[in-house]
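Q: So the chains spell out like this:
2 protein chains.
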Amino acid sequence: VRRTAVIDMGSNSFRLVVYGWEPGRCWQHVDEIREAVRVSAGMSETGTIKPSRVKRAVQTAVVFSSFCRHAGIDEVIPVATSAIRDADNQAEVLELMREHAGLDVRVLSTDDETRYGYLAIANTTSLVDGWGLDMGGGSVQLMRIEDRVLHESGSWPLGAVRVSEEFLPDEDASPKQIKALRKHVAKIVGECDWMPAGDGGSFAGIGGTVRNLAAAAQKRAGHPDTNGVQGFKLTREALEDLIEELASMPVSKRANVPGIKPDRGDVILGGALVLAAVMESAGFEAVETTEAGLREGVFFERFLDDRDPPLFDDVREAAVSNLALRYQDDMAHPHHVEKLSLELFDGLRAAGLADSVNGPDRELLQAACMLHDIGTAIDYDDHHKHSRYLILHGGLPGFSPREMELIALIARYHRKGEPDASELGPLARKKDDARLTLLSAIIRLAEQFERSRDQAIAAVHVEASNGTVTLATDAVGEGAPVAIWSARRNADLLERAIGRKVEVSGPDG
Amino acid sequence: VRRTAVIDMGSNSFRLVVYGWEPGRCWQHVDEIREAVRVSAGMSETGTIKPSRVKRAVQTAVVFSSFCRHAGIDEVIPVATSAIRDADNQAEVLELMREHAGLDVRVLSTDDETRYGYLAIANTTSLVDGWGLDMGGGSVQLMRIEDRVLHESGSWPLGAVRVSEEFLPDEDASPKQIKALRKHVAKIVGECDWMPAGDGGSFAGIGGTVRNLAAAAQKRAGHPDTNGVQGFKLTREALEDLIEELASMPVSKRANVPGIKPDRGDVILGGALVLAAVMESAGFEAVETTEAGLREGVFFERFLDDRDPPLFDDVREAAVSNLALRYQDDMAHPHHVEKLSLELFDGLRAAGLADSVNGPDRELLQAACMLHDIGTAIDYDDHHKHSRYLILHGGLPGFSPREMELIALIARYHRKGEPDASELGPLARKKDDARLTLLSAIIRLAEQFERSRDQAIAAVHVEASNGTVTLATDAVGEGAPVAIWSARRNADLLERAIGRKVEVSGPDG
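Taken in order, these protein sequences are the chains called A and B. Counting from 989, one number per residue, gives the positions in the first sequence under the numbering used here. Counting from 989, one number per residue, gives the positions in the second sequence under the numbering used here.
Relax, there's no trap hidden among the hints.
Pairs count within a copy or across copies, as identical chains cannot be separated in the list.
Calculated lysine to aspartate or glutamate pairs in the DMTMM-like style (CA-CA distance at most 20 Å, straight line):
1) 1373 - 1213
2) 1373 - 1020
3) 1043 - 1087
Don't read these hints as lab results, they were simulated from the structure.
Model the full structure from these sequences, guided by the hints.
A: Shown next as structure tokens:
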């Protein structure tokens, strides 16, 4: 396992993030240190980073660099963004970091920053064709993405800190001030010829402000946040509700809204208004959020350095494969469970016996098959429950929180237990009990067919006639008789799911 | 990682258990298949395994063997116990297994079985000097263990199945039958000259019946069972309560008692009575239980094959180290957090500022230090919560459930959050809030001192005077100023825990 540290020297804080990865295989966020260095403090007047901030910045660079030497880091990628980029004394600061910390800091241009934001969006959301937004403290980047490639982008001075200072300087925000800010944003977006003129499309957003707003809406809706806001869609309606709440309180209280971090309370309303105005002007119904950002963009360029642009072929497939390979060496078993599950799924659908599931459920079933055993990394006992925990907390970029929960539950019920869709809580939908029962019944049978891990049952065919369903097997291995015998003992869930008697045919046990 | 499969061909079921391990480092139970082969069915009349059971046994051996070839197993250790040992057609059965499955099965003698049970007890419980019990279906083994070495042992036909058939043949158990069984057991134990004559001592028990009884008592008490019955002490009082409940219902209902497995309902009362009579006769107040058994005994002989007897030096230390090494390569950081934490703990105790903790808490703090970061294996975000999950579910043999929960909670609070002893639920004791707050405050400070992972703060000394506590540091690394600065920002929890102002001295940040 290689360990790559990305050091992000931002205006407000410096952050070191460590990614553990195996080339071409899997990656993971394994470590982090953050220091609130605030290099930009007081910079707006002088254009220069103050001596006390330079000292703190260099000390922090020394700590990060020492951390890297002692924590087995193979490679360090230090980058600096707007504050250092714009500082008059940039050269001095960089030289001190080189001298004391041995760090050769790369100062990112605005275009570089946009590109890394784009890579974060294109590699961790479901966006294929649409628009992206990256909101920082000073500026907002907008992007037009076509077939996952960045086609247009621009940067405007609409960052959360900037607009809050300029448009909402008082303890309370007046309706007039709010209106002025919205109008200002709408005008800018309206003038951008590659943004939609109210007819909408797919939209994804990154940056701490967007994440905080999504977290606040998620909490309001009572949704679980086991994997943060990954894949959550913040609707315009939910955002407007939040704005109404935030605008009704003085600035000093806004950080108390659940989901909003203490150090963002003073700028969250400004950020929310910018986001809402962009969405209204363009006609976006919702913004898809992700836990990824600039640092992941930088890391993806390294991890996928054999590709240009450095993109996963398919975000969801990459996410499932990443999680599967993180905990499993041998994929023959999960792949075969997947094959047999899909044969059952497709066969039952063709026989008209699977009305409770649809096309998209097929992909969830596939993902659950790949991940059903990862919990054994914790312990064999209750490994189905551990698989659920690892799926929910490891995260699956590209899937919605509801989809992640469904995948986790199918994996949870691959061995035993009575599938219970009420565990989806507020993410549950109509027919979920039937859906979850059928998908769990399928994976459970496939698992029994594969219990000797030797692909003894090469294939399974669904044959329906006279009220009975026969699962005919191509039995090629010595383990087949016991596999078939086990499958017979575990067919009851499928019988209940489809309301038919199920017979398993094959060499007798 | 090596993978060793132990195949246990028992009277009732065949079980294949896979252990993943790194020599001299760590081990884990990673996979398992079980088949209810019931080779002993009908054997009591003929002394011979029936043809239908021979066929099933050989088929199961074929499946297990195929599993081993396909699941990357490096080494297979197949052993057979009483049914095959006692069968007239043992040779035929073994030859068929050799021919069809390629398995060279080792038939264990009664002494071998006792020894593996002993190894399971000596390596996974807190028993040092005392007695052990291994209850099977046919027989019960008793052992006298001195300084963790097996000194005496014997086997009696008091297994749960045997005594149930002999003494409790009816649907309902009469007080007279119950009394007769107890008397029978008491007589046998009374005649054994190396068993205590009512004056008690430490006692540990293994076998499915004991585990089921412990699980039932655990559920009754509302205790968590995240790691099964590992380390749970089943008291005589709780056991007698259970017996009263079981005896009040017909045999067909006994499997409905939560904690009792369906296939044990018919023998559980018999087993409970034998255990109770042994405890009463010897004067044991409680029996310590473990998730380990024969199979782990067989595995330990392999894992610790450079030792005779194959014992860990210290069960608790081995458990902590096993879990720490399973998820971490570099132990320099956890070890240094441990060192600094103990310096704080000892210093505060010496200054009379740590009345809420005692000697045994020191060991829990140590364990938490070794394990505080293991959650990063799941994800860096919320890794303190993941550490807790991995500790509770990975298990720590040798510690009680309460101790495991405390270790998990100290690890949980090493970064942030308000320590809350109510999370201990029914395992909470008086002063636990103060205890948990102080221990969390200590590890949190040690973690800050070690934030650059470079042992920049070599040592810390507690100096108390005039109502203020000063933490004086031996700062040797470049990272020291920031570490000290961070420690200062995280001293509030300690201030609350000891009710004093805390100052951190060292090079200024």
